[in-house]
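The primary structure of each chain is shown beneath.
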Amino acid sequence: GAVVSQHPSRVICKSGTSVKIECRSLDFQATTMFWYRQFPKKSLMLMATSNEGSKATYEQGVEKDKFLINHASLTLSTLTVTSAHPEDSSFYICSALPFLAGGGNEQFFGPGTRLTVL
Amino acid sequence: LAKTTQPISMDSYEGQEVNITCSHNNIATNDYITWYQQFPSQGPRFIIQGYKTKVTNEVASLFIPADRKSSTLSLPRVSLSDTAVYYCLVGDLVGRDDKIIFGKGTRLHILP
Chain A
1 GAVVSQHPSR VICKSGTSVK IECRSLDFQA TTMFWYRQFP KKSLMLMATS NEGSKATYEQ
61 GVEKDKFLIN HASLTLSTLT VTSAHPEDSS FYICSALPFL AGGGNEQFFG PGTRLTVL
Chain U
1 LAKTTQPISM DSYEGQEVNI TCSHNNIATN DYITWYQQFP SQGPRFIIQG YKTKVTNEVA
61 SLFIPADRKS STLSLPRVSL SDTAVYYCLV GDLVGRDDKI IFGKGTRLHI LP
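If you read the sequences in order, they're chains A and U.
For the first sequence, this note's numbering assigns the number 1 to the initial residue and increments by one for each residue that follows.
For the second sequence, this note's numbering assigns the number 1 to the initial residue and increments by one for each residue that follows.
Where hints are given, some of them may not hold.
List of simulated lysine-lysine pairs, DSS-like, C-alpha gap at most 30 angstroms [as the list claims (entries may be wrong)]: (1) A/Lys41 to U/Lys99; (2) A/Lys55 to U/Lys104; (3) U/Lys69 to A/Lys55.
These aren't lab readings, by the way, just hints derived from the structure by calculation.
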């Protein structure tokens, strides 16, 4: 099956620093990737839609200057949390939509990245 | 975007069949219905997807009535390892909708 990886799986950083999270589709190409954030005991909240070769589309309330998204290739999207603060601590999950979605109207999810900002 | 409504939580026992129903009254013609399973600190895992009638795979069945305003995920003979949150998603990633919004999900707790 289609595999999506995320790196790192967990990161601890000091307040004010920037953290980059990578999302890779390992065995398929994805023109569209999605970034979600999930707080404990809560559902996934869509942050932005990342399209290869174009600017990401951010959901209402998500600061584009704080959460920088770059979808540089058909297999890689990155999320950079700039000037991280403790309230940015969360579980970040990406998903990828295969290029040839065909009958598979299906996202494949990464394992998530646990960010802790001290 | 079609909004989904699921029970917040359910309890069942090992070996039982579990049915989780999801309401999606404003589902659009092109929308698919997809169910995901999520364990703590992991990304969601695809379970099953359907458009109408019944779909079955090695882990679950999905029942969709003719009006498509609801769907039921059926898990046969559950085990303790099926304790997880189950999300029902409705949308069309290929067509006019390019994103799918997660609802609150159903927290399933399997008891021994």
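**Asked** Looking back at the numbered hints, which does the structure fail to meet, lowest number first?
**Response** 3
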